[in-house]
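S.K.: Sequence:
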Amino acid sequence: MGYWGYYVVGRSEQSLDELSAVEGVRSELSLLVRRDDGWQVWEVPGGDGARDVGSMNTLAMETGSPALFGYVMDSDCVVVEAAAPESGAWTTCLARDAMAGYLGDDGLSLDDYFLEPRDAASRAVTWAAESGKAVPAGPLLDVLNAAAEPSAEQLFFRFLDRLGVVPQ
Numbered sequence: 001m002g003y004w005g006y007y008v009v010g011r012s013e014q015s016l017d018e019l020s021a022v023e024g025v026r027s028e029l030s031l032l033v034r035r036d037d038g039w040q041v042w043e044v045p046g047g048d049g050a051r052d053v054g055s056m057n058t059l060a061m062e063t064g065s066p067a068l069f070g071y072v073m074d075s076d077c078v079v080v081e082a083a084a085p086e087s088g089a090w091t092t093c094l095a096r097d098a099m100a101g102y103l104g105d106d107g108l109s110l111d112d113y114f115l116e117p118r119d120a121a122s123r124a125v126t127w128a129a130e131s132g133k134a135v136p137a138g139p140l141l142d143v144l145n146a147a148a149e150p151s152a153e154q155l156f157f158r159f160l161d162r163l164g165v166v167p168q
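In terms of my numbering, the sequence shown opens at residue 1 and continues consecutively.
Don't take each hint at face value.
[Claimed, not checked] Computed list of lysine to aspartate or glutamate pairs in EDC-like fashion (alpha-carbon distance at most 20 Å, straight line):
no. : residue 1 : residue 2
1   : 133       : 13
2   : 133       : 36
3   : 133       : 161
4   : 133       : 97
5   : 133       : 37
6   : 133       : 149
7   : 133       : 86
[Unchecked claim] Pair by pair, the computed Cβ-Cβ distance ranges are:
no. : residue 1 : residue 2 : range
8   : 31        : 105       : 34 to 42 Å
9   : 103       : 14        : 31 to 39 Å
10  : 108       : 36        : 32 to 40 Å
11  : 130       : 20        : 32 to 40 Å
12  : 132       : 101       : 32 to 40 Å
13  : 26        : 105       : 18 to 26 Å
14  : 74        : 13        : 30 to 38 Å
Since the hints were derived computationally from the structure, they do not count as laboratory data. Backbone N, C-alpha and C fix where the C-beta goes; we use that ideal spot for every residue, glycine too.
Take these sequences, add in the hints, and give me the full structure.
M.R.: Next comes the structure, spelled out in structure tokens:
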């Protein structure tokens, strides 16, 4: 069995667990890593997708900077929810083929739930620009089209790197 859990990513001088945007999971948050330029990656392990980890829109507004949530499902795939104060919210997934296996039989497809990779890459470029980073769409698109090899967690952190949320 793989990893199930949430990553909460934001940029702030204040510790993210002190912000009202994540108040509902404050006691479950643990700092995973600090990255360059004030970025913080927090983790809320476990969950079945029904947990409310807070509002990325509120987190983006509260920090004045883009924010991103990643929900990892059994190390197979990741739901990515992102928001920025000016450009708004968007949702996509990583490891699309694996994600398709988690969809129910209600007749809806991946594209009904998530931006397709090319649109997601475009939104991600705008998201990164709002954080002060000029990133190309190509490397983001490569990650958005990639399989979760060796794991969805590693794919998620590769996506963060491509967004300009880089290790210190």
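S.K.: Checking against the hints above, which ones are violated?
M.R.: Hint check: 4, 6, 11 and 13 fail, others pass.
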